[in-house]
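One letter stands for each residue in the lines below.
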Amino acid sequence: MVIVLIILFAATLVYFFLSERVYSFIWLLSIQGVLLFGIAFNNLINIQPIELILILLETLIVKAIVVPWFLNRLHRKNQLKKIHESTVPVFYSLIIISAILIGCFLMSYTIDNEIIQLRFFTVALATVIGGMYFIIIHKNIFSHLVGFLIIENGTFLLSLAVGGEMPFLVSLAVLLDVLLAVLVIGVFLNKVSDTFDTISASKLNQLKD
Amino acid sequence: MILPFFGIALILSLLIFLFPKRIIMATGSVLFVSLHIVLTVYSFQNLGEWDTAFYRFDSLAILLNALLSILLVPTIFHANLYFQRHVKDPKKESYFTATMIILATAISSVYFAENIVIMWVSIEATTLCVTFLIFHNRYETPLEAAWKYLFLSSVGIAIAFLGILILATQANSPEGVNLSISFLTSVAAKMDPFFLKTAFVLILTGYSAKLNVFPLFAATIDAKTVAPSPVNAIISTALVNAGFVAIFRIYTVINQTSLNSWAQNVLLVTGLISLSLATIQLFRIKRYKRMFAFSSMEHIALILIALSVGKPGYYAALLHLIFHTLIKGGLFFQFGQVRAFFHSGWIKDTGAYFRLNGTGALAFMLGIICITAIPPSGLFITEFLIFKALFSTGYTIIAIAVLIMLTIIMYIIFSKTMHLLFAKIPEIFKPEAVIVNRFEPISQFVLFGLVIYLGFNPPALLVDLINETIHLLN
Chain D
1 MVIVLIILFA
11 ATLVYFFLSE
21 RVYSFIWLLS
31 IQGVLLFGIA
41 FNNLINIQPI
51 ELILILLETL
61 IVKAIVVPWF
71 LNRLHRKNQL
81 KKIHESTVPV
91 FYSLIIISAI
101 LIGCFLMSYT
111 IDNEIIQLRF
121 FTVALATVIG
131 GMYFIIIHKN
141 IFSHLVGFLI
151 IENGTFLLSL
161 AVGGEMPFLV
171 SLAVLLDVLL
181 AVLVIGVFLN
191 KVSDTFDTIS
201 ASKLNQLKD
Chain U
210 MILPFFGIAL
220 ILSLLIFLFP
230 KRIIMATGSV
240 LFVSLHIVLT
250 VYSFQNLGEW
260 DTAFYRFDSL
270 AILLNALLSI
280 LLVPTIFHAN
290 LYFQRHVKDP
300 KKESYFTATM
310 IILATAISSV
320 YFAENIVIMW
330 VSIEATTLCV
340 TFLIFHNRYE
350 TPLEAAWKYL
360 FLSSVGIAIA
370 FLGILILATQ
380 ANSPEGVNLS
390 ISFLTSVAAK
400 MDPFFLKTAF
410 VLILTGYSAK
420 LNVFPLFAAT
430 IDAKTVAPSP
440 VNAIISTALV
450 NAGFVAIFRI
460 YTVINQTSLN
470 SWAQNVLLVT
480 GLISLSLATI
490 QLFRIKRYKR
500 MFAFSSMEHI
510 ALILIALSVG
520 KPGYYAALLH
530 LIFHTLIKGG
540 LFFQFGQVRA
550 FFHSGWIKDT
560 GAYFRLNGTG
570 ALAFMLGIIC
580 ITAIPPSGLF
590 ITEFLIFKAL
600 FSTGYTIIAI
610 AVLIMLTIIM
620 YIIFSKTMHL
630 LFAKIPEIFK
640 PEAVIVNRFE
650 PISQFVLFGL
660 VIYLGFNPPA
670 LLVDLINETI
680 HLLN
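Chains D and U, in that order, are what the protein sequence lines are.
Mapping of the first sequence onto my numbering: position 45 corresponds to residue 45, and the numbering continues sequentially without gaps.
Each number in my numbering comes from the position in the second sequence (counting from 1) with 209 added on.
Among the clues, some could well be false.
Stated by the list, open to error - Derived BS3-like pairs: lysine-lysine, alpha-carbon spacing no greater than 30 Å straight-line: (1) D:K191 - U:K495; (2) U:K297 - U:K557; (3) D:K191 - U:K639; (4) U:K520 - D:K208; (5) U:K633 - U:K520; (6) D:K191 - U:K230; (7) D:K208 - U:K557; (8) U:K625 - U:K639; (9) U:K495 - D:K77; (10) D:K81 - D:K191; (11) U:K557 - U:K639; (12) D:K208 - U:K230; (13) U:K301 - D:K191; (14) U:K399 - D:K203; (15) D:K139 - U:K495; (16) U:K301 - U:K399; (17) U:K230 - D:K203; (18) U:K557 - U:K625; (19) U:K639 - D:K208; (20) U:K495 - U:K399.
Claimed, not checked - Every beta carbon over 12 Å from chain D, so not counted as near; a handful from chain U, in silico: (21) F226; (22) L256; (23) E258; (24) A427; (25) N683.
Since the hints were derived computationally from the structure, they do not count as laboratory data.
Where is the CB? At the ideal position from N, CA and C, for every residue including glycine.
Could you build all of it, start to finish, from the sequences and the hints given here?
Here's what the structure looks like:
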């Protein structure tokens with residue numbers, strides 16, 4: 001079961017590079033949130049109520065509902081373009097993300113460590129690198145925020161891959177921190193759009209000497 | 210003690226935020242700074258003790274928290290001058306003061322954190338505070354800087370978290386994952402070298418945005434270019450020190466293993482690249498704050514190079530960090546006055562500062578002498594010790610390259626300073642618009658005087674704390 005979810009998660013990652021529509025990005029993030037819940041739920045050894053609540057909060061509530069809703073609101077409020085083209089043609093991006101996935105797969109299997117769950121680790125690493133690549137190939141800051149959220153999802157998957165569980169308070173602090181960061185980034189995106197009448201990163205160059 | 214400190218700080222900032230009155234702001238700020246000083250004294254009296262399961266009063270944390278306490282005192286005064294000159298809106302002032310209190314609290318939390326996840330959470334909190342402080346006046350350029358800082362720092366912090374997760378694979382105790390520094394240090398020798406190396410590189414990369422070094426330095430440089438002077442006095446010093454603490458803790462862990470020489474090489478490469486980039490970028494600067502930001506990059510790079518030498522460089526590195534904090538804080542306070550004179554931060558818009566404001570110019574000149582490590586600056590002694598360590602350990606070519614770069618940096622900083630002090634009065638200068646406060650340079654003379662005094666005669670207390678910190682590495 002869990003392997004199916006992981007493959008689906010990898011498919012969403014590839015789909016990010018196939019799509020140029022903002023709504024697709026938001027939907028994909030939401031789907032990734034649901035998939036992460038499934039993976040995390042399957043990964044629980046003993047279902048403790050507190051752990052379950054935290055995973056529910058982090059994945060289904062925050063990643064699958066709150067963040068996509070917030071992005072959607074940002075998109076509508078700022079009347080952003082429906083299509084965000086990347087600077088690299090889709091075909092090349094597809095080759096690159098496939099290469100990232102294969103590279104991570106090969107690298108993961110050179111790791112000889114019993115603690116790491118390699119089936120998670122491969123996709124987690126590819127998601128983090130894919131998120132960074134997504135930021136690089138897009139020129140507008142809304143897509144940069146989407147890239148940041150892809151990295152965050154990869155980090156969450158990596159935390160499952162390494163197996164160990166953090167104390168509850170620490171996990172809660174991490175969750176609140178990430179949520180706050182996403183909301184603040186969103187608020188600032190709003191302000192940038194209002195002030196500069198654009199969300200193109202190339203227009204933000206007044207600071208250069 | 211530390212949890213009540215956080216609680217009171219939070220209440221004070223909330224009160225200031227909710228009731229934007231100058232009397233509440235002033236009382237709240239003074240109370241907070243007093244409380245911060247009490248925390249420093251208390252932590253010193255309880256050196257080595259734990260405070261809750263996540264915090265510990267160790268020598269490095271006490272040293273850096275004391276520096277923050279010292280800087281917070283003049284920050285109240287200079288923030289008040291900044292409000293009079295540039296804000297004049299109690300609501301924005303209260304917003305600024307409340308965020309400053311949370312920022313200082315989060316920085317202290319980074320210093321004292323014994324658990325690397327708590328440290329990570331506190332560093333993320335500093336990112337959010339700095340973003341709001343840069344943008345509090347709601348102009349266009351600060352917005353651009355705030356956005357870049359927030360985004361790049363957040364990406365950096367996500368990268369650092371990856372490093373922490375990888376470290377977590379090696380930190381299994383019978384009670385589950387234990388990410389306290391003391392536990393990590395105790396099991397470091399048993400860790401898988403590949404994981405430890407990966408974690409170190411990721412954490413160094415992630416926190417480089419805070420430490421103001423390669424690779425994520427760009428966000429910090431832009432933030433410092435537009436941040437108000439009192440904010441700059443904290444983010445160029447205490448916040449950079451927070452980044453240093455975060456790297457230092459991981460270095461402490463890796464230093465217990467056979468990978469210590471590898472980690473030193475990573476620090477050396479990071480330091481050299483950062484120093485080279487700072488030197489190149491300084492040729493292009495057109496604004497004083499940007500010059501100071503690259504100067505901070507230069508000094509932190511030197512500190513990393515000193516750490517990379519190993520034992521002979523540790524003392525110099527820590528003393529250099531302390532002196533840099535005091536000098537850079539003073540320079541930013543003085544720059545607040547320069548800006549009040551010329552109403553611009555651009556180098557081309559300034560000139561004849563010696564003629565217009567002799568005392569301020571003297572303070573600026575003294576600050577520049579101190580920051581460029583010219584005797585009697587304390588930095589002269591630390592840089593001398595760093596070069597001595599480099600030559601004595603066989604890093605001759607690197608030492609010569611660093612010397613050349615420092616000479617170039619010194620030339621650029623002096624040429625820009627000479628323009629400010631002795632060039633013609635700029636055409637746009639309006640004497641009637643100048644707001645002078647004759648007490649303004651006092652804090653700078655005190656801070657620079659302290660650096661000169663400590664360079665020649667470091668008290669036993671300071672030396673003991675530094676040696677205690679070095680002991681953590683061994």
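Hint-by-hint comparison with the structure:
no., hint, verdict
1, D:K191 - U:K495, "27 Å, holds"
2, U:K297 - U:K557, "27 Å, holds"
3, D:K191 - U:K639, "33 Å, violated"
4, U:K520 - D:K208, "40 Å, violated"
5, U:K633 - U:K520, "49 Å, violated"
6, D:K191 - U:K230, "27 Å, holds"
7, D:K208 - U:K557, "15 Å, holds"
8, U:K625 - U:K639, "21 Å, holds"
9, U:K495 - D:K77, "37 Å, violated"
10, D:K81 - D:K191, "17 Å, holds"
11, U:K557 - U:K639, "15 Å, holds"
12, D:K208 - U:K230, "37 Å, violated"
13, U:K301 - D:K191, "17 Å, holds"
14, U:K399 - D:K203, "50 Å, violated"
15, D:K139 - U:K495, "27 Å, holds"
16, U:K301 - U:K399, "52 Å, violated"
17, U:K230 - D:K203, "38 Å, violated"
18, U:K557 - U:K625, "10 Å, holds"
19, U:K639 - D:K208, "27 Å, holds"
20, U:K495 - U:K399, "51 Å, violated"
21, F226, "16 Å, holds"
22, L256, "26 Å, holds"
23, E258, "21 Å, holds"
24, A427, "10 Å, violated"
25, N683, "29 Å, holds"
Of the hints listed earlier, those the structure fails to meet are numbers 3, 4, 5, 9, 12, 14, 16, 17, 20 and 24, in rising order.
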